[in-house]
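Q: As a plain string of letters, each chain reads:
There are 2 protein chains.
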Amino acid sequence: MDKINKNSFTPPFYQLAAIIEKKIMEGEFKPGEPLPSENDLGREYELSRTTVRKCLGLLAERGMISAQQGKGTFVSRPSLDRAIFVMDDFKTQIENQGKEVGYRLINVRFLKQLPEFALKLGMTPDKGILYYSRLLTACEEPVGVEHKYMCYKKGKPTLENEFQYKAFSEIITIHTEFLPVRSQAMLTAESASEYDANYLKISAGDPVLKLQQVLYTRDDKPVGIGVFYYRSDRYSLVSDIQPLKGER
Amino acid sequence: MDKINKNSFTPPFYQLAAIIEKKIMEGEFKPGEPLPSENDLGREYELSRTTVRKCLGLLAERGMISAQQGKGTFVSRPSLDRAIFVMDDFKTQIENQGKEVGYRLINVRFLKQLPEFALKLGMTPDKGILYYSRLLTACEEPVGVEHKYMCYKKGKPTLENEFQYKAFSEIITIHTEFLPVRSQAMLTAESASEYDANYLKISAGDPVLKLQQVLYTRDDKPVGIGVFYYRSDRYSLVSDIQPLKGER
DNA sequence: CAGTGGTCTAGACCACAAA
DNA sequence: TTGTGGTCTAGACCACTGG
Chain Z
1 MDKINKNSFT PPFYQLAAII EKKIMEGEFK PGEPLPSEND LGREYELSRT TVRKCLGLLA
61 ERGMISAQQG KGTFVSRPSL DRAIFVMDDF KTQIENQGKE VGYRLINVRF LKQLPEFALK
121 LGMTPDKGIL YYSRLLTACE EPVGVEHKYM CYKKGKPTLE NEFQYKAFSE IITIHTEFLP
181 VRSQAMLTAE SASEYDANYL KISAGDPVLK LQQVLYTRDD KPVGIGVFYY RSDRYSLVSD
241 IQPLKGER
Chain H
1 MDKINKNSFT PPFYQLAAII EKKIMEGEFK PGEPLPSEND LGREYELSRT TVRKCLGLLA
61 ERGMISAQQG KGTFVSRPSL DRAIFVMDDF KTQIENQGKE VGYRLINVRF LKQLPEFALK
121 LGMTPDKGIL YYSRLLTACE EPVGVEHKYM CYKKGKPTLE NEFQYKAFSE IITIHTEFLP
181 VRSQAMLTAE SASEYDANYL KISAGDPVLK LQQVLYTRDD KPVGIGVFYY RSDRYSLVSD
241 IQPLKGER
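So the protein sequences, as listed, match chains Z and H. Residue numbering for the first sequence follows the numbering used here, beginning at 1 and increasing consecutively. Residue numbering for the second sequence follows the numbering used here, beginning at 1 and increasing consecutively.
Worth double-checking, as some hints may not be accurate.
With a straight-line Cα cutoff of 35 Å, these simulated DSBU-like cross-link-like pairs (lysine-lysine) come out [as the list claims (entries may be wrong)]:
no.: 1; chain 1: H; residue 1: K245; chain 2: Z; residue 2: K221
no.: 2; chain 1: Z; residue 1: K30; chain 2: Z; residue 2: K71
no.: 3; chain 1: H; residue 1: K245; chain 2: H; residue 2: K6
no.: 4; chain 1: H; residue 1: K127; chain 2: Z; residue 2: K30
no.: 5; chain 1: H; residue 1: K22; chain 2: Z; residue 2: K23
no.: 6; chain 1: Z; residue 1: K166; chain 2: H; residue 2: K120
no.: 7; chain 1: H; residue 1: K54; chain 2: Z; residue 2: K245
no.: 8; chain 1: H; residue 1: K112; chain 2: Z; residue 2: K54
no.: 9; chain 1: H; residue 1: K166; chain 2: Z; residue 2: K54
no.: 10; chain 1: H; residue 1: K99; chain 2: Z; residue 2: K6
no.: 11; chain 1: Z; residue 1: K71; chain 2: H; residue 2: K99
no.: 12; chain 1: H; residue 1: K30; chain 2: Z; residue 2: K99
no.: 13; chain 1: H; residue 1: K221; chain 2: H; residue 2: K166
no.: 14; chain 1: Z; residue 1: K201; chain 2: H; residue 2: K120
no.: 15; chain 1: H; residue 1: K30; chain 2: Z; residue 2: K127
no.: 16; chain 1: Z; residue 1: K23; chain 2: Z; residue 2: K54
no.: 17; chain 1: Z; residue 1: K221; chain 2: H; residue 2: K54
no.: 18; chain 1: H; residue 1: K91; chain 2: H; residue 2: K166
no.: 19; chain 1: H; residue 1: K99; chain 2: H; residue 2: K245
no.: 20; chain 1: Z; residue 1: K127; chain 2: H; residue 2: K22
no.: 21; chain 1: Z; residue 1: K153; chain 2: H; residue 2: K22
no.: 22; chain 1: H; residue 1: K91; chain 2: Z; residue 2: K245
no.: 23; chain 1: H; residue 1: K54; chain 2: Z; residue 2: K71
no.: 24; chain 1: Z; residue 1: K22; chain 2: H; residue 2: K54
no.: 25; chain 1: H; residue 1: K127; chain 2: H; residue 2: K153
no.: 26; chain 1: Z; residue 1: K166; chain 2: H; residue 2: K54
no.: 27; chain 1: H; residue 1: K71; chain 2: H; residue 2: K91
no.: 28; chain 1: Z; residue 1: K221; chain 2: H; residue 2: K6
no.: 29; chain 1: H; residue 1: K201; chain 2: H; residue 2: K91
no.: 30; chain 1: Z; residue 1: K221; chain 2: H; residue 2: K23
no.: 31; chain 1: H; residue 1: K3; chain 2: H; residue 2: K54
no.: 32; chain 1: H; residue 1: K3; chain 2: H; residue 2: K71
no.: 33; chain 1: Z; residue 1: K22; chain 2: H; residue 2: K30
no.: 34; chain 1: Z; residue 1: K245; chain 2: H; residue 2: K71
To be clear, the hints were calculated from the coordinates, so they are not data collected in a lab.
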């Protein structure tokens, strides 16, 4: 039986998680069946229940097990057919790839009317809509185009600079009395419009990744919409599900 | 000052998390600045350090804060421009939408040679490659097409039924001596080929979401590749980032 | 050195499920 | 009633950071 090495730099809760994960993958603990109780695991590996729980929490986060109060902790169905895509803001993503980010302001305009898709999302033009669009580049190469629509309150002066560099939710916070606290996003594929294709330097109709984001205030009023189109040859999402390492 | 209500059904660690999140969003704790230390928070809200830590863990998971050993716990830059897409296996996803899943086996074939893209991913044809493809439907409507390539070892009989219903990693485990433990996936947009478009009942060239998945054994040998094409009008990924609820 | 976060322990009470 | 997971406490030791 595997034992916990208390002198290792790998903390016990992590070692135990690796052990249990291994037993699950090797079939000793089978999908649908319960794991030993937290107390039993604690006795078996000479760890406190708190530590056992921390370990189980790690495995639960990874989707390997799930606990049911009063019943037990059960091994989940195997699910390598699962992917998790984290999309940070453009700047963070590109910089993490070691590339240089660039923004180019394409357009800033005041709209009296919202485009139809924005109305469908429940946004109301209040006193008007501020629209702007940017070209997103990585190492000078065009990667994406984004279009933003936000509720607008007059008053504060607008500097082009701001639109070029600041985050959307920041701009909304500054230029309206709204504080966005919730973000809903939808990712899909689409054909590039002639307009967007022109900036992306692709052909109209070429496939692009489309991300549509809606920002809501605490009382669920939509106050900002962002639509992103990414060149599919230069932008993709990746996911990596790996087992816990045994020893570090 | 907000206080912890110990008689509430909402556990203290959660209440505290909501309080801190609120203070961050209202600007009392600013991005880049440190939170009070865990001990201070414990004193202030009359909670044990363990409970404070559980609360901070929750906020860290949500990307609001990050801890640095020896230094402190810092408020992250605001990031509503962030989305997390979880793609479970097709069956789970569709069933969660309350729809009926269907599979139709399109093709099962033994290949002597791997297609070029699979070779590029490092897969070797060993003793041969088993290829199969399925049409994925939701409420009888075609939603996706998938193509699978797996290392093949003769021996066990293959039942068409299996390919129709079992998960890819399960099939690999049964029909080879390989145990996939790691999954890498890439999501992008593409134009549908004539072949796939035909099954999806769309036109060739229409945009589709493409998911490419590679399964690896513990020693990082690729043993299975899955390529999925989804109709962009019937399949999209969603993400919802919301604040913690104050009281439940 | 003092202060920070990271980990662990031993024990307690609760809500829930099943017999 | 017993056993399960969910939460909390009080106290301990460690590793890391910075003065």
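Q: Report the numbers of all earlier hints that the structure fails to satisfy, in ascending order.
A: Violated hints: 5, 6, 8, 10, 27 and 33; rest satisfied.
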